[in-house]
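*Asks:* Here is what each chain is made of, one letter per residue.
There are 2 protein chains.
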Amino acid sequence: MKLKTISETRSHGGTQGVYSHLSSATGTEMTFAVFVPDHAPDAKLPVVTYLSGLTCTHSNVMEKGEYRAACAEHGIIFVAPDTSPRGDDVPDAAEEYDFGKGAGFYVDATCDPWSKHYRMRSYIESELPALIAAHFPVDPLRQSITGHSMGGHGALTIGLRNPDVFRSVSAFSPIVAPSDVPWGEKALGRYLGKDRAAWREYDAVALIEDGARLPELLVDQGTADNFLEDQLQTRRLIEACATAGIAADIRMQEGYDHSYFFISTFMADHIAWHAGRLNA
Amino acid sequence: MKLKTISETRSHGGTQGVYSHLSSATGTEMTFAVFVPDHAPDAKLPVVTYLSGLTCTHSNVMEKGEYRAACAEHGIIFVAPDTSPRGDDVPDAAEEYDFGKGAGFYVDATCDPWSKHYRMRSYIESELPALIAAHFPVDPLRQSITGHSMGGHGALTIGLRNPDVFRSVSAFSPIVAPSDVPWGEKALGRYLGKDRAAWREYDAVALIEDGARLPELLVDQGTADNFLEDQLQTRRLIEACATAGIAADIRMQEGYDHSYFFISTFMADHIAWHAGRLNA
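For the protein sequence lines, the chains are A and D, in the order given. Under my numbering, the letters of the first sequence match residues 1 to 280, in that order. Under my numbering, the letters of the second sequence match residues 1 to 280, in that order.
One chain only, chain A, in its complex shape (with noise of 0.2 angstroms):
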């Protein structure tokens, strides 16, 4: 797993680099950010991973997130990934900005052309924490999970999916039903395919009905983000949460949108919070 450093900057009292690899996965080169606060000489940090939203690289959270003193003051290593295989051999939807490269969903495509490379769900749950492990002082048994829209969709289906990996789960703005979205159903029948079945361990509603179970969940949501009503449905985890008695912490707060203005706003919410589990 040789891993190719692009850049490294000391910023907050720590370490921000990108880094790039030739992903098994993906079959692509698969380009990630990580912040490693200083740190003792033997120490082993644990890691949040931050999946990005739509259109996202690993670079948006990395300039725009303010994150990193956060991290520095509680010592998280924090991980964010790309949104999907990029490179000029992956197909594409061409002007579809919710569709293909920037999209990935978090899925594991099954349908043609998009089963060979579009696989960010074993790039996410398998291959990157493998080699997060392997190239960076942290412990792999604390690790917390969080994301924004498509990633707070993300951050959740893989979260519910792997309560006894990570110790933590949030999401600012998340897709929650996305089976019932129109950026869901696009994305999910694209690449899934037409059984609505294969959808719902990608739906963290319909995780949480078939029996998925969280100890807790903080989420933040906008009440003026223009997504709310169409795309995220905030209200419908509310529902699932309190039905199935999982302790899920949703903030809607007033007049916030769905930019990085809003999320860089709770991020240290989120980063304190997730700390205080993997720290405990």
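These aren't lab readings, by the way, just hints derived from the structure by calculation. Keep in mind that a hint or two might mislead.
Treat identical chains as interchangeable: a pair holds within one or across any two.
Unchecked claim - Once the Cα atoms are required to be at most 25 angstroms apart in a straight line, the calculated DMTMM-like pairs of lysine to aspartate or glutamate come out as:
| hint | residue 1 | residue 2 |
| --- | --- | --- |
| 1 | Lys64 | Glu8 |
| 2 | Lys186 | Asp89 |
| 3 | Lys44 | Asp139 |
| 4 | Lys4 | Asp257 |
| 5 | Lys44 | Glu254 |
| 6 | Lys4 | Glu127 |
Starting from the known structure of chain A, fit chain D onto it as the hints suggest.
*Replies:* Quick look at chain D alone, frame taken from chain A:
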């Protein structure tokens, strides 16, 4: 003084706005960013103006500067102007990142063809503060100024020329002696002409040598900054302040570079330092 609202977004318990107006100083439409923390209805808040560096607009610090949490905490309004006039009518130096658009150097140009629009000194010293005072809940008697690189040069020179206007002055990796470094010689020579005597009011070290004084000064400078030796020459500011008896806290930050990864690291420190002076 009419103001056009381009966007207003809720962030960190306040409003991050972007506005534009037709500037009488530059004769062009000028865009700037303002962050206003939530405040009591009749409150008048102090202001920190941040001047950006080469190639930047208002948006670089707005996206990457990480100032909002600190400004909200201390009740500070943060103003981020552009770095030059813009528009098709404005003369530019094609393919020169360090002259023309994006490189106004905070001077009032006296040489053709620059003198018509490149009047960033008047814009920052006079027009913009009056515009801000007319449209935002500020206390004009409580103003401070900071900036990065070319904007650090702007903050130092504007602060040194107007010690009664700005209660405190700080800078991130400023150009301290532009008369003697390539960036500054090029810009001052073309905006102001060959007579170097005219450059001295746009040169922080020269201003101090000529008698300008500030009660104190805060500067952060990364030791891994590629521009340190050739363009910034921090040691010359250290020497000038020592000779002049200016209480300058000039901090060489080990391993930090010239980027917003560096600026964002120390931004909250600078905001808190200014707040201590503004809210005293």
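*Asks:* Against this structure, judge whether each hint is valid.
*Replies:* Right, here's what the structure says about each hint:
Taking identical chains as interchangeable, the C-alpha atoms of Lys64 and Glu8 lie at most 25 angstroms apart whether they share a chain (17 angstroms) or sit on different chains (17 angstroms). Taking the shortest Cα distances, Lys186 and Asp89 sit within 25 angstroms of each other inside one copy (22 angstroms), while across copies they are farther apart (46 angstroms). In this assembly of identical chains, the alpha carbons of Lys44 and Asp139 lie at most 25 angstroms apart only when taken from the same copy (5 angstroms versus 49 angstroms across copies). For the identical chains of this complex, Lys4 and Asp257 are inter-copy neighbours only, at 21 angstroms across copies versus 36 angstroms inside a copy, given an alpha-carbon limit of 25 angstroms.
Taking the closest pair of Cα atoms, Lys44 and Glu254 come within 25 angstroms of each other only across two copies (24 angstroms); inside a single copy the shortest separation is 38 angstroms, beyond that limit. Taking the shortest alpha-carbon separations for Lys4 and Glu127, only the intra-copy value of 16 angstroms comes in at or below 25 angstroms, while the best inter-copy value is 49 angstroms.
Violated hints are absent here; each numbered hint is respected by the structure.
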